Amino acid sequence: MQDSSEELKEVMRHWTTGVSIVSSAYKGKIHGMTVNSFTSISIEPPMVVVTLAKNTRTYDLVQDSGKFGVSLLSVDQYELSDKFAGRIPEGGNRFEGIDVFYLQTEIPLIKGGLAWVECEVVQVFDLPASTMFIGQVTASKTSEGEPLVYYNRAYHTLGA
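So that you can map any letter, position 14 of the sequence shown is 14 in our numbering, and since no number is skipped, the others follow by simple counting.
A few of these clues could be false.
What the hints assert, rightly or not - With a straight-line cut-off of 27 Å between C-alpha atoms, the simulated DSSO-like cross-links for lysine-lysine are: (1) K141 - K27; (2) K9 - K29; (3) K111 - K29; (4) K9 - K111; (5) K9 - K141; (6) K27 - K54; (7) K9 - K27; (8) K9 - K54.
Hint data in this document are derived by calculation from the structure and do not stem from the laboratory. All figures in this text were calculated on a predicted structure; none of them were measured in a lab.
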């Protein structure tokens with residue numbers, strides 16, 4: 001059987017997605033990471049899913065707290081996407097110097113984005129290297145602007 005993981009990576013390079021940062025907080029610790037594995041799965045009740053690698057601090061906080069937030073990034077936030085993806089060296093707190101706000105919990109959400117949700121984890125699917133967290137949306141907010149788009153390993157705008 002041929003190893004299809006590299007083939008799947010190549011296929012997924014051709015899938016255009018928005019860019020989001022998943023964040024969580026627990027016992028005074030906060031962390032966040034860039035993800036494009038975010039989507040809605042139910043409108044009634046409102047539910048979303050995120051998939052997080054198990055070897056990340058964000059995974060640990062979501063697992064421990066049972067809550068997460070998602071900030072959908074706008075076109076001018078590509079540097080934040082890089083920072084939260086670990087492409088820019090960090091000193092430990094990725095939120096340092098970042099303007100954040102809060103909806104109903106202590107989970108930091110990033111200002112300047114297009115939309116935000118806070119979620120309570122209602123179901124977990126354990127996979128070999130990652131975990132799918134299904135979250136029921138407990139709070140949300142939207143704004144206007146153009147989304148940051150990711151395609152073929154690069155950021156793009158929708159353009160005209």
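Each hint tested on the structure:
| no. | hint | result |
| --- | --- | --- |
| 1 | K141 - K27 | holds (25 Å) |
| 2 | K9 - K29 | violated (32 Å) |
| 3 | K111 - K29 | holds (19 Å) |
| 4 | K9 - K111 | violated (31 Å) |
| 5 | K9 - K141 | violated (32 Å) |
| 6 | K27 - K54 | holds (19 Å) |
| 7 | K9 - K27 | violated (36 Å) |
| 8 | K9 - K54 | holds (19 Å) |
When the structure is compared with the earlier hints, violations turn up for hints 2, 4, 5, 7 and for no others.
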